[in-house]
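These protein sequence lines map, in sequence, to chains Z and D.
So in this note's numbering, spot 147 of the first sequence is number 182, and the numbers just go up one at a time.
So in this note's numbering, spot 34 of the second sequence is number 69, and the numbers just go up one at a time.
Check the hints yourself; a few may be wrong.
Chain copies aren't distinguished; within one or between two, either way the pair holds.
Calculated lysine-lysine pairs in the DSSO-like style (CA-CA distance at most 27 Å, straight line) [stated by the list, open to error]:
#1 Lys-137 / Lys-236
#2 Lys-137 / Lys-277
#3 Lys-48 / Lys-292
#4 Lys-137 / Lys-237
#5 Lys-325 / Lys-236
#6 Lys-277 / Lys-64
#7 Lys-48 / Lys-237
#8 Lys-237 / Lys-71
#9 Lys-41 / Lys-292
#10 Lys-277 / Lys-41
#11 Lys-137 / Lys-64
#12 Lys-137 / Lys-292
#13 Lys-319 / Lys-64
Calculated directly from the structure, the hints in this document are not laboratory data.
There are 2 protein chains.
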Amino acid sequence: MEILEKYPPMIEKRLDELMECIPVCAPEKICKEAMKYSLSAGGKRIRPALVCAFAEMAGGDLSAALDPACALEMIHTFSLIHDDMPCMDDDDFRRGRPSCHKKYGEAVALLAGDALECYAFEVIACAENLSHECRSSLIMTLAKAVGVSGMIGGQTIDIGNEGKGFSEDVLFRMYSMKTCALIRCACAMGCICGGRSDLVKKAEEYGEALGLAFQIVDDILDITSDTETLGKPTGSDREQDKATYPAVFGLEAAREKAAALTARAVQIAGEFPDNEPLISLTEKLLYRVK
Amino acid sequence: MEILEKYPPMIEKRLDELMECIPVCAPEKICKEAMKYSLSAGGKRIRPALVCAFAEMAGGDLSAALDPACALEMIHTFSLIHDDMPCMDDDDFRRGRPSCHKKYGEAVALLAGDALECYAFEVIACAENLSHECRSSLIMTLAKAVGVSGMIGGQTIDIGNEGKGFSEDVLFRMYSMKTCALIRCACAMGCICGGRSDLVKKAEEYGEALGLAFQIVDDILDITSDTETLGKPTGSDREQDKATYPAVFGLEAAREKAAALTARAVQIAGEFPDNEPLISLTEKLLYRVK
Chain Z
36 MEILEKYPPM IEKRLDELME CIPVCAPEKI CKEAMKYSLS AGGKRIRPAL VCAFAEMAGG
96 DLSAALDPAC ALEMIHTFSL IHDDMPCMDD DDFRRGRPSC HKKYGEAVAL LAGDALECYA
156 FEVIACAENL SHECRSSLIM TLAKAVGVSG MIGGQTIDIG NEGKGFSEDV LFRMYSMKTC
216 ALIRCACAMG CICGGRSDLV KKAEEYGEAL GLAFQIVDDI LDITSDTETL GKPTGSDREQ
276 DKATYPAVFG LEAAREKAAA LTARAVQIAG EFPDNEPLIS LTEKLLYRVK
Chain D
36 MEILEKYPPM IEKRLDELME CIPVCAPEKI CKEAMKYSLS AGGKRIRPAL VCAFAEMAGG
96 DLSAALDPAC ALEMIHTFSL IHDDMPCMDD DDFRRGRPSC HKKYGEAVAL LAGDALECYA
156 FEVIACAENL SHECRSSLIM TLAKAVGVSG MIGGQTIDIG NEGKGFSEDV LFRMYSMKTC
216 ALIRCACAMG CICGGRSDLV KKAEEYGEAL GLAFQIVDDI LDITSDTETL GKPTGSDREQ
276 DKATYPAVFG LEAAREKAAA LTARAVQIAG EFPDNEPLIS LTEKLLYRVK
């Protein structure tokens with residue numbers, strides 16, 4: 036069964052359950068509502084699905100991987116909430132709905148992002164199906180991927196990405212941190228959940244190639260797609276004069292690069308056991324339209 | 036030796052070391068600088084000192100408590116950075132220096148706060164002097180204290196605290212979450228580091244009383260002190276028409292309440308072994324001028 040069909044329904048269900056576990060009273064309830072609003076906005080759930088897929092390929096139990104997978108999706112959602120805020124990308128829409136700060140105001144959106152960030156770590160620390168050693172290892176891996184050497188570092192580089200001619204090096208560094216860090220992390224977390232730390236390095240190589248291809252396709256869609264299909268305004272990169280692979284090297288070169296990276300990801304995926312669903316996912320992401 | 040003399044120097048040193056551990060390159064370096072700027076801004080280091088003090092009272096090893104103590108201070112610092120931002124309290128100064136967003140801009144301040152939040156969890160997950168079970172327990176305790184049922188929930192209530200007559204109940208709920216959550220957590224984390232989970236409940240009762248007294252004294256100082264002594268503008272609560280204990284019940288009643296809560300904290304402190312430094316700290320915080 037396809038990765039993006041098999042896992043997302045159970046991820047949605049578990050995300051709902053995990054949010055229901057948080058006790059709140061009326062005065063602070065709005066913050067939890069904002070967390071749920073953004074978390075339930077949909078999206079492809081690629082990162083948590085990768086955690087589950089790699090956990091199963093590593094011979095692990097899906098039930099043990101589900102909470103870490105949801106934690107990773109909380110982190111991804113927190114980063115989107117903060118990224119959309121006026122002081123960052125200033126995006127009014129996300130997945131076809133008003134972004135969190137447009138719906139709840141900036142203060143609540145800021146706090147909802149903060150709360151999702153720490154709840155992710157709480158969920159892993161409490162994951163009863165995993166050994167304490169495994170929980171430490173997952174939290175370490177996730178926190179490194181999120182921090183200033185990972186996703187947040189990439190967002191920092193992106194702040195400076197306005198009207199500037201980034202070198203290819205800096206552009207790829209930004210992609211590798213801002214986008215690939217969490218995707219690499221998803222693959223690594225899956226292996227750790229499956230008790231196969233020896234597979235982490237190869238899984239991260241796959242995640243890096245997939246993440247780069249994914250981001251370049253994202254940038255191509257920002258140029259070629261329309262708002263209705265994408266669920267968010269297109270052309271925002273050009274509007275903000277952002278350096279992206281297609282903006283710097285042209286659409287044709289970008290398509291070739293994305294295809295080459297996908298081929299590389301497929302090659303690495305081939306080294307894992309029971310790899311058909313992973314290879315199918317990898318190829319599908321190259322040809323997606325949103 | 037006094038708690039606020041004994042532990043802060045080693046906390047400062049370890050915070051510096053932990054920040055040096057983060058590998059960054061030039062493009063994202065500004066984010067790490069902002070983290071260090073806010074983390075090194077001083078402050079009394081009460082929360083991490085409490086972690087150390089409770090760890091020693093619980094018969095634990097100070098070296099095991101130092102990293103969790105630093106993690107808690109990172110969380111406290113992240114909350115101050117975000118709290119000072121224009122969409123929150125909009126404070127230009129913190130501890131006598133420009134606040135993080137005034138120095139580095141809002142986007143970097145937002146990301147520096149986010150990065151400190153996750154680095155705190157990474158530091159605990161990597162703490163080699165602690166068992167993996169202890170690390171899980173500390174992360175669980177810390178994340179609960181930070182989240183929407185704790186500090187962040189308290190900040191959410193505080194957002195609505197403008198020009199509104201809060202009931203005493205809501206006021207104390209806000210204090211208990213916004214201020215006491217991390218102080219309770221500090222005392223609990225110390226007990227966990229010392230291997231005495233059985234002391235956590237009593238330590239939290241102490242933290243609650245101390246935290247409430249501490250916040251009421253803070254609110255009194257906002258009315259009675261001057262900017263130079265306090266290192267931040269005074270009168271900001273009145274300016275923003277915020278409900279605080281002294282604003283609602285008057286200075287005299289606030290002083291009495293703070294004294295009664297301090298007496299209660301001293302009483303609970305007396306039930307711990309080797310409690311003289313803790314009792315001395317508790318009384319000193321009541322009579323502080325900044």
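Hints, one by one, checked against the model:
For a Cα distance limit of 27 Å, the shortest separation of Lys-137 from Lys-236 qualifies neither inside one copy, at 40 Å, nor across copies, at 41 Å. In this assembly of identical chains, the alpha carbons of Lys-137 and Lys-277 lie at most 27 Å apart whether taken from the same copy (23 Å) or from different copies (25 Å). With identical chains, the CA atoms of Lys-48 and Lys-292 are never at most 27 Å apart, being 36 Å at best within one copy and 47 Å at best between copies. Proximity of Lys-137 to Lys-237 under the C-alpha cut-off of 27 Å is found in neither arrangement, the shortest distances being 41 Å within a copy and 43 Å between copies.
Proximity of Lys-325 to Lys-236 under the C-alpha cut-off of 27 Å is found in neither arrangement, the shortest distances being 29 Å within a copy and 51 Å between copies. Taking CA atoms no more than 27 Å apart as the test, Lys-277 paired with Lys-64 passes between copies only; the shortest distance there is 20 Å, against 37 Å inside one copy. Taking the shortest Cα distances, Lys-48 and Lys-237 never come within 27 Å of each other, neither inside one copy (30 Å) nor across copies (37 Å). For the homomeric pair Lys-237 and Lys-71, neither the shortest alpha-carbon distance inside one copy (34 Å) nor that between copies (34 Å) is at most 27 Å.
In the homo-oligomer, the alpha carbons of Lys-41 and Lys-292 never lie at most 27 Å apart, since the shortest distance is 29 Å inside one protomer and 58 Å across protomers. For the identical chains of this complex, Lys-277 and Lys-41 are neighbours neither inside a copy (36 Å) nor across copies (50 Å), given an alpha-carbon limit of 27 Å. Proximity of Lys-137 to Lys-64 under the C-alpha cut-off of 27 Å is restricted to the intra-copy arrangement: shortest distance 18 Å within a copy versus 30 Å between copies. Taking the closest pair of Cα atoms, Lys-137 and Lys-292 never come within 27 Å of each other, the shortest separation being 36 Å inside a single copy and 40 Å across copies.
When the C-alpha separation of Lys-319 and Lys-64 is checked against a cutoff of 27 Å, the pair qualifies neither within a copy, at 39 Å, nor between copies, at 36 Å.
Violated hints, listed in ascending order, are 1, 3, 4, 5, 7, 8, 9, 10, 12, 13; each of the other numbered hints is respected by the structure.
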